[in-house]
Amino acid sequence: DVKVTQSSRYLVKRTGEKVFLECVQDMDHENMFWYRQDPGLGLRLIYFSYDVKMKEKGDIPEGYSVSREKKERFSLILESASTNQTSMYLCASSLEVAGGTGYEQYFGPGTRLTVT
Amino acid sequence: DAKTTQPPSMDCAEGRAANLPCNHSTISGNEYVYWYRQIHSQGPQYIIHGLKNNETNEMASLIITEDRKSSTLILPHATLRDTAVYYCIVEGSGGSNYKLTFGKGTLLTVNP
Chain A
2 DVKVTQSSRY LVKRTGEKVF LECVQDMDHE NMFWYRQDPG LGLRLIYFSY
52 DVKMKEKGDI PEGYSVSREK KERFSLILES ASTNQTSMYL CASSLEVAGG
102 TGYEQYFGPG TRLTVT
Chain B
88 DAKTTQPPSM DCAEGRAANL PCNHSTISGN EYVYWYRQIH SQGPQYIIHG
138 LKNNETNEMA SLIITEDRKS STLILPHATL RDTAVYYCIV EGSGGSNYKL
188 TFGKGTLLTV NP
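Line by line, the protein sequences give chains A and B.
Letter by letter, the first sequence follows residues 2 to 117 of our numbering.
Letter by letter, the second sequence follows residues 88 to 199 of our numbering.
The hints are simulated quantities; they were obtained by calculation from the structure and are not laboratory data.
Each residue gets a CB set at the ideal place from its N, CA and C atoms; glycine is no exception.
Careful, some of the hints might be misleading.
[Said to hold, decoys possible] The following label-pair restraints were derived from C-beta to C-beta distances:
no.: 1; chain 1: A; residue 1: ASP39; chain 2: B; residue 2: GLN132; range: 14 to 22 Å
no.: 2; chain 1: B; residue 1: ASN141; chain 2: A; residue 2: GLU80; range: 46 to 54 Å
no.: 3; chain 1: A; residue 1: ASP29; chain 2: B; residue 2: GLU145; range: 17 to 25 Å
no.: 4; chain 1: A; residue 1: VAL13; chain 2: B; residue 2: GLN129; range: 18 to 26 Å
no.: 5; chain 1: B; residue 1: THR152; chain 2: A; residue 2: ASP39; range: 46 to 54 Å
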């Protein structure tokens, strides 16, 4: 079974703190994703990585950065946390297959981040 | 504009088949139909996908009409743990970042 793990299920941070969210997948997938999910707004893509050290901005990258130093690990960094970054953060991974079936994504359990 | 239309909610008795419909009348030739579900407070879970042929795996079956304008996800023997929001998603091949766009989905409630 594909396993995507996230470092924390719940996290509480203060405004202005630097926050690291870690994600690890064990299936040798090329693609990794960070989404956030908010009521009424659905899932929104923050960043996408298609290879080690490669990244692409999603729909809402402002206030976030990412790091992918190893294939299995994709980190999301909130440079200076703000209250509007309170959300559920979801990491996912997928295999790169010719024909574009990278939409078969496997999600972690999520990290519920509260910024006070 | 939403690519798919799903009923907001459905009920199913435990042990019976759950048939979840999805309309995607504007689907184009290179677009796949994907199904995900999300159990409360968990991450979304991939279920199945198909292009034009019917598909079956250990979780569910996917029936796509011949004109590809609609599909049905079938959970053959629903259990209480299948209570979740089910999302039907249409995406094409060769996307630049494989962003999944979840609509409102169908809340399936399996009753004892």
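Exercise. Could you say whether the range 18 to 26 Å given as a hint is met by the Cβ separation of VAL13 of chain A and GLN129 of chain B?
Key: Holds: the Cβ-Cβ distance is about 20 Å, inside 18 to 26 Å.
Quiz item: Should the hint that THR152 of chain B and ASP39 of chain A are 46 to 54 Å apart at their CB atoms be regarded as holding?
Solution: violated, 34 Å
Quiz prompt | Pairwise beta carbon distance, ASN141 of chain B to GLU80 of chain A, judged against the given window 46 to 54 Å | solution = holds, 48 Å
Quiz item: Honestly, do ASP39 of chain A and GLN132 of chain B meet the 14 to 22 Å range at C-beta?
Solution: holds, 19 Å
Self-check item: ASP29 of chain A versus GLU145 of chain B beta-carbon gap, inside 17 to 25 Å or not
Solution: holds, 22 Å
The structure fails hint 5 only (numbered hints given earlier).
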